[in-house]
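Could you build all of it, start to finish, from the sequences and the hints given here?
Protein chains: 6
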Amino acid sequence: MSWLPSLITPPTPPEEGYALAIKLSRMAVKMTQPDDDVRGELRADYANDADSLTAVSQVVATNFQTVAQANNYWRD
Amino acid sequence: MSWLPSLITPPTPPEEGYALAIKLSRMAVKMTQPDDDVRGELRADYANDADSLTAVSQVVATNFQTVAQANNYWRD
Amino acid sequence: MSWLPSLITPPTPPEEGYALAIKLSRMAVKMTQPDDDVRGELRADYANDADSLTAVSQVVATNFQTVAQANNYWRD
Amino acid sequence: MSWLPSLITPPTPPEEGYALAIKLSRMAVKMTQPDDDVRGELRADYANDADSLTAVSQVVATNFQTVAQANNYWRD
Amino acid sequence: MSWLPSLITPPTPPEEGYALAIKLSRMAVKMTQPDDDVRGELRADYANDADSLTAVSQVVATNFQTVAQANNYWRD
Amino acid sequence: MSWLPSLITPPTPPEEGYALAIKLSRMAVKMTQPDDDVRGELRADYANDADSLTAVSQVVATNFQTVAQANNYWRD
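Chains as they are written, first to last, in numbering that gives the first Met the number 0: chain A, 0 to 75; chain B, 0 to 75; chain C, 0 to 75; chain D, 0 to 75; chain E, 0 to 75; chain F, 0 to 75.
Just to be clear, a hint being listed does not mean it is correct.
Repeated chains share a single entry, so a pair holds when one copy, or any two copies, can fit it.
With a straight-line cut-off of 20 Å between C-alpha atoms, the simulated SDA-like cross-links for lysine to any residue are [what the hints assert, rightly or not]: (1) K29 - R42; (2) K29 - R74; (3) K22 - G39; (4) K29 - I7; (5) K22 - R42.
The set of hints was computed from the structure by calculation and includes no laboratory data.
See the structure below:
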């Protein structure tokens, strides 16, 4: 089973597209650091640091652009 | 009720689209750090730091691109 | 009166579109830190730091992309 | 044999496009630091640092935009 | 005289469009720090720091996207 | 002779487009710090630092978007 079978999410609401953007953002981290325990320990570092959270939000924003374009902004 | 029922904001003015871009920027932070108290404490960190504020503005700019495209730049 | 009645600026020159990009960049900061005095104090921090100024320029560049697209690059 | 014969990946799933985005992200690093041993040593630095992993994810997100556009978002 | 009369540069070569991207990148800095002397002093900071130069290059890359799109990538 | 006579690279493979993206990324650095010796000394700083290499890869990714768009993603 592919972890990314499609970029197309259900037509409404775009909330699911945003969730996919978060998934895409996390996957690059997971592929770079596959150890679940290490990632778990790192979580405390970025989840409690304002600038780290902003950086995470920047990645999500970039991926959300891609997903939103793929879905034609859920206009229809 | 979805927190993001649509990317389409009312036709005028684009000010509401900008507000949506801010909402999108904050949501990734909220989903990464769901604890309201922790986020509240972190607020003092970034709201009083010039570079942190610039980074926040960068995320908003990226999300505003998406919302503006979704709304065809409110041209009509 | 809306602070952002339109993304469309006069047809020539694109200089006004650039000014709008700066306005958009500052508005996210203002909405995150509404206190004028605090922002005034922070100004010395980023206006005298090379990397901070580059980061500001990055935000403006991103917003200028949006405004330029909205105005069809002032081609006509 | 070219390391990048095409940006077009098989039509389904977009997972292969994401893998290409990771390859593109790593290639710039490899071309800037061609020494395999040095890159191997640096890996511990970024694979165990939350902010470094977020920065890697940002690069992947940017390259994934390009690959997704090249493949018309695997819509068909 | 406008400092930015047009985003359209001569058809060939795109080198002039790149020069415009650099001008756009510097203008945001100039508008944020109008004092020529201060900017001159800051120059030593970023012109001799690898990461600062990379950040400058990132801003130029973003503005070059805009100028290249405005000129239809100088395809014709 | 222009250093950038065209954004259009040969139709296959896109590897040459990627090389152009690297050239574009380096040119902004060169124009900001024209001294070859200084740039040579700085090279050790970023070629041996994981985060610096990631930042370089981010600039290349942004420029590669531009070159890939200019070449219609080498689809034909």
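Here is what the structure says about each hint:
In the homo-oligomer, the alpha carbons of K29 and R42 lie at most 20 Å apart both inside one protomer (12 Å) and across protomers (14 Å), since each shortest distance falls under that limit. For the homomeric pair K29 and R74, neither the shortest alpha-carbon distance inside one copy (32 Å) nor that between copies (26 Å) is at most 20 Å. Only within a single protomer do K22 and G39 lie at most 20 Å apart by alpha-carbon distance; the minimum there is 16 Å, versus 25 Å between protomers. For the identical chains of this complex, K29 and I7 are neighbours neither inside a copy (22 Å) nor across copies (24 Å), given an alpha-carbon limit of 20 Å.
Proximity of K22 to R42 under the C-alpha cut-off of 20 Å is restricted to the intra-copy arrangement: shortest distance 15 Å within a copy versus 23 Å between copies.
Of the numbered hints given earlier, the model fails hints 2 and 4; all others are met.
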